[in-house]
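**Q** Residue strings, one per chain:
There are 2 protein chains.
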Amino acid sequence: MYICPMYSSELIKGTLKTIVLKLLSETEKMYGYEITQKVKELTDSKIVITEGALYPLLHQLEAEGVVTTETVNIGKRVRKYYSLTQTGNERAKEKLYEFADFMNTMNILLDLKPGVNYV
Amino acid sequence: MYICPMYSSELIKGTLKTIVLKLLSETEKMYGYEITQKVKELTDSKIVITEGALYPLLHQLEAEGVVTTETVNIGKRVRKYYSLTQTGNERAKEKLYEFADFMNTMNILLDLKPGVNYV
DNA sequence: CAAATATACATAAGAATATTATGTATATGC
DNA sequence: GCATATACATAATATTCTTATGTATATTTG
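Sequence order for the protein chains is A and B.
Residue numbers for the first sequence follow the numbering used here, so the first one is 1 and each next one is one higher.
Residue numbers for the second sequence follow the numbering used here, so the first one is 1 and each next one is one higher.
Be a bit skeptical, because a hint or two may be false.
Pairs count within a copy or across copies, as identical chains cannot be separated in the list.
Stated by the list, open to error - With a straight-line Cα cutoff of 16 angstroms, these simulated EDC-like cross-link-like pairs (lysine to aspartate or glutamate) come out:
#1 K13 with D111
#2 K46 with D101
#3 K40 with D111
Because the hints were derived from the structure by calculation, they are not lab data.
Can you make the complete structure from the sequences, with help from the hints?
**A** Below is the structure:
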């Protein structure tokens, strides 16, 4: 289920966890498929999360106690909701802060104009 | 030669090529060690490029015709200068444009205020 | 002047994170 | 009825980086 992402995959690498934590931090609970669709929608299909990357990450976050799960039956199908724990909320803030700082550093390094559209 | 980088390495992943191409695009020629020092200096040691990552990348870029090399003897030591080819200059522009666009997308996705300091 | 640190290259083993492919199954639109 | 969408999962592979190691010369400092 690969739909030509706009960016060379290198760039997206490493941002997935930050994206997932951010979305969960503002929506109480979300299920995997929902996350992929939300990201696709918000980025106009520029970033497309693959299942092979997302599900293992979610499982890892659960094992770390960052998220808890709740399985709901939708008709005969199963849906697995993820929500942040208290630890998860802190982790989300840390990750967002780190990313913002990283972007500042990259702006300086690459000499991009902060502010307006970088494009 | 690992000097605790400020960011979790995940984030830096994928940006190395962009950084190197950017530096080479504004300095005619640079050698590997010089690149590591310049990045350290410009980022206040927040981003530290390791040799194990840099040298293989430079070799790859040369193999792709993105850079050409010039070996200079400094005393009894060898220094290998890298400079962008014409193809390399275009590649650098593409990479920078892509990265700027990626940052915009991430700003929207993560709901960070564009403009001022993201921190 | 000896030892530590800095300069300068290179590569190999291993870890982390993603892609691609595959599998299973139900639901919906045409 | 068939294609597409929803919804999960995992395994094989690829990519990119860290860590470690190796070689060698130059400079600083106690």
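**Q** Next step is simple, just say for each hint if it's right about the structure.
**A** These are the hints, each one checked on the structure:
no., hint, verdict
1, K13 with D111, "neither (22 angstroms within a copy, 19 angstroms between copies)"
2, K46 with D101, "between (23 angstroms within a copy, 10 angstroms between copies)"
3, K40 with D111, "between (29 angstroms within a copy, 15 angstroms between copies)"
When held up to the earlier numbered hints, the structure conflicts with hint 1 and nothing else.
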